[in-house]
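> Chain by chain, the residues:
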Amino acid sequence: MSLTGLFLISFLIIHVCINACIFNDLFYPEDDGDMFNRAAHFMATSMVVRTLEYGLFIGFIIHIIQGYVLEAKNLSRRGKGYKINLANKGSKWYSRTMGLLGTLLLLFLIMHISHFWVPSRITGLEEVEGKNYHNLFILMVDVFHNPVIVVLYVLGCISLAYHLLHGFQSAFRTLGMHNTRYIGMIKGIGTAFSIIVPFVFALMPISIYMDWIGRN
Amino acid sequence: MDHSNISLTLEVWRQESASANGKFVTYKVDDVSPEMSFLEMFDVLNERLIREGQDPIAFDHDCREGICGSCSMHINGRPHGPWHATTVCQLHMRAFKNGDTIVVEPWRAKSFPVIKDLMVDRSAFDRIIQAGGYVSVNTGNVNGVDANAIPVEKDKADTAFAAATCIGCGACVAACKNSSAMLFMSAKVSHLALLPQGAPERKDRVLNMVAQMDKEGFGSCTFTGACEAVCPKEISITNISRLNKEYLNAGMTVDKR
Chain A
1 MSLTGLFLIS
11 FLIIHVCINA
21 CIFNDLFYPE
31 DDGDMFNRAA
41 HFMATSMVVR
51 TLEYGLFIGF
61 IIHIIQGYVL
71 EAKNLSRRGK
81 GYKINLANKG
91 SKWYSRTMGL
101 LGTLLLLFLI
111 MHISHFWVPS
121 RITGLEEVEG
131 KNYHNLFILM
141 VDVFHNPVIV
151 VLYVLGCISL
161 AYHLLHGFQS
171 AFRTLGMHNT
181 RYIGMIKGIG
191 TAFSIIVPFV
201 FALMPISIYM
211 DWIGRN
Chain B
1001 MDHSNISLTL
1011 EVWRQESASA
1021 NGKFVTYKVD
1031 DVSPEMSFLE
1041 MFDVLNERLI
1051 REGQDPIAFD
1061 HDCREGICGS
1071 CSMHINGRPH
1081 GPWHATTVCQ
1091 LHMRAFKNGD
1101 TIVVEPWRAK
1111 SFPVIKDLMV
1121 DRSAFDRIIQ
1131 AGGYVSVNTG
1141 NVNGVDANAI
1151 PVEKDKADTA
1161 FAAATCIGCG
1171 ACVAACKNSS
1181 AMLFMSAKVS
1191 HLALLPQGAP
1201 ERKDRVLNMV
1211 AQMDKEGFGS
1221 CTFTGACEAV
1231 CPKEISITNI
1241 SRLNKEYLNA
1251 GMTVDKR
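Residue numbers (the numbering used here), protein chains in the order written: chain A, 1 to 216; chain B, 1001 to 1257.
No lab work stands behind these hints: they were computed from the structure. Positions of the beta carbon are idealized from the N, C-alpha and C atoms, including for glycine. It is possible that part of the hints are untrue.
[To be verified] For each label pair, taking beta carbons as the anchor points, the in silico distance ranges come out as:
| id | chain 1 | residue 1 | chain 2 | residue 2 | range |
| --- | --- | --- | --- | --- | --- |
| 1 | B | Asn-1249 | A | Ala-20 | 37 to 43 Å |
| 2 | B | Glu-1016 | A | Ser-76 | 22 to 28 Å |
| 3 | B | Asn-1138 | A | Tyr-54 | 54 to 60 Å |
| 4 | A | Phe-23 | B | Val-1254 | 50 to 56 Å |
| 5 | A | Leu-100 | B | Ser-1033 | 41 to 47 Å |
| 6 | B | Asn-1138 | A | Ile-196 | 52 to 58 Å |
| 7 | A | Phe-23 | B | Pro-1151 | 56 to 62 Å |
| 8 | A | Trp-117 | B | Thr-1086 | 51 to 57 Å |
| 9 | B | Pro-1056 | A | Val-151 | 56 to 62 Å |
| 10 | A | Met-111 | B | Ser-1007 | 53 to 59 Å |
| 11 | A | Ala-20 | B | Pro-1196 | 48 to 54 Å |
Based on the sequences and whatever the hints tell you, model everything.
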């Protein structure tokens, strides 16, 4: 879980950086998402990236299967439960519900792939006028003008934040990090990462829906 | 502080034997001194049950000083009850108010089957210790080297000692949503991995103990921290990270497996 989790965390860094290119529109409205489209074009055509994409899918599948197997195995260890159980007061709710948060993220992932990956890679997208690359930005603007989808994406980002809040530091502990100073550092970095990355992701549908970007 | 005696209602899990179906039985207990320990309150109740010709409530206890790890009651939703870093035997009735209802259950985990009432079979812990929680070097000043004559860095000695305070009560398993025994096992692995006397079996110890833990049917650690929060000896969850490091190191370097 920890190795695939950390691999997926590294993917999130790349994903958020590429997608953040849409915010160029805030400062240069005439850009009209071109910076983002060019970045997406590079990601879609680079052989190295395409190869890594297979690794990413494998990483997701292993992480999901491992998660469910672990959850099922652990749930079966209790047997009869307690009449009153307050023992979990010593732990955070999101640490105890990683399986549920992961399931919400899986549903989000299916929706996200159907919105963007499938049109981009399989069903096809219109190209930017006069250029030989897809206009993924127009698709984003189109998708994120639906308020229901915006709400679902924000909820997905909140699930991601809590999933990371536990998963980030837990991954390092699982791999044996026990130095008190480093654990403190990892907790701090993990908390910052868990807030900043989902916040930037959530800002994308919100910004488009509010017409802060993509007005042209 | 009010020293008036109190009256309580107890809902206690009663189970005739391992194979019998259990149920909660309600007992009214009056005139309970707040200076009594929780186990003394049970003694008083049991004396009454015996006088009335009823079967007394079975529960584990030994030292009643918080060091043997025998007492194991899940009180009002928490292993060892409401006080932090306290075993049931050290829990006193001043923790409760007059008229309170107290629900008392045994540890719940498939690896800790109920023997009778509030007693559970924790021999799985013994087998985990037998798998590797020992040292084979001679110690003491008769047949071996006096441990005090071996230099050990102060911080390592302190961390090893803190880990060695685990009394093996099983509260970590009782509290963990996965019924994991990792805090218990990591305390022993850390204790011996940090000291020179534990070095000869260091790698085999962690591999054998983890294998035995899996065999006993305990769950995996997902670092929720519930175990650390209820541990009467405040064993740190950091020990689990150290165990993981020891396990990875041993798994990658031991040839014979």
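> None of the hints should be skipped; say for each whether it holds.
Now for the hints, and whether the structure bears them out:
1. Range check, Asn-1249 (chain B) to Ala-20 (chain A): Cβ separation about 39 Å, and the 37 to 43 Å hint holds.
2. At roughly 26 Å, the beta-carbon separation of Glu-1016 (chain B) and Ser-76 (chain A) lies within the given 22 to 28 Å, and the hint holds.
3. Range check, Asn-1138 (chain B) to Tyr-54 (chain A): about 57 Å between beta-carbon atoms, so the 54 to 60 Å window is met.
4. Taken as a hint, the range 50 to 56 Å holds for the pair Phe-23 (chain A) and Val-1254 (chain B), whose Cβ atoms sit roughly 52 Å apart.
5. One distance hint, 41 to 47 Å for the beta-carbon pair Leu-100 (chain A) and Ser-1033 (chain B), holds here, with the actual separation near 46 Å.
6. Remark: the range hint 52 to 58 Å for Asn-1138 (chain B) to Ile-196 (chain A) is upheld by a beta-carbon distance near 56 Å.
7. Look at Phe-23 (chain A) against Pro-1151 (chain B): about 59 Å separates their beta carbons, and that is inside 56 to 62 Å.
8. For the hinted restraint 51 to 57 Å between Trp-117 (chain A) and Thr-1086 (chain B), the CB-CB distance of approximately 54 Å keeps it satisfied.
9. Checking the proposed 56 to 62 Å range against Pro-1056 (chain B) and Val-151 (chain A) shows it holds: the Cβ atoms sit about 59 Å from each other.
10. Range check, Met-111 (chain A) to Ser-1007 (chain B): about 58 Å between beta-carbon atoms, so the 53 to 59 Å window is met.
11. The supplied range of 48 to 54 Å is met by Ala-20 (chain A) and Pro-1196 (chain B), whose beta-carbon atoms lie about 53 Å from each other.
Of the numbered hints given earlier, the model fails none.
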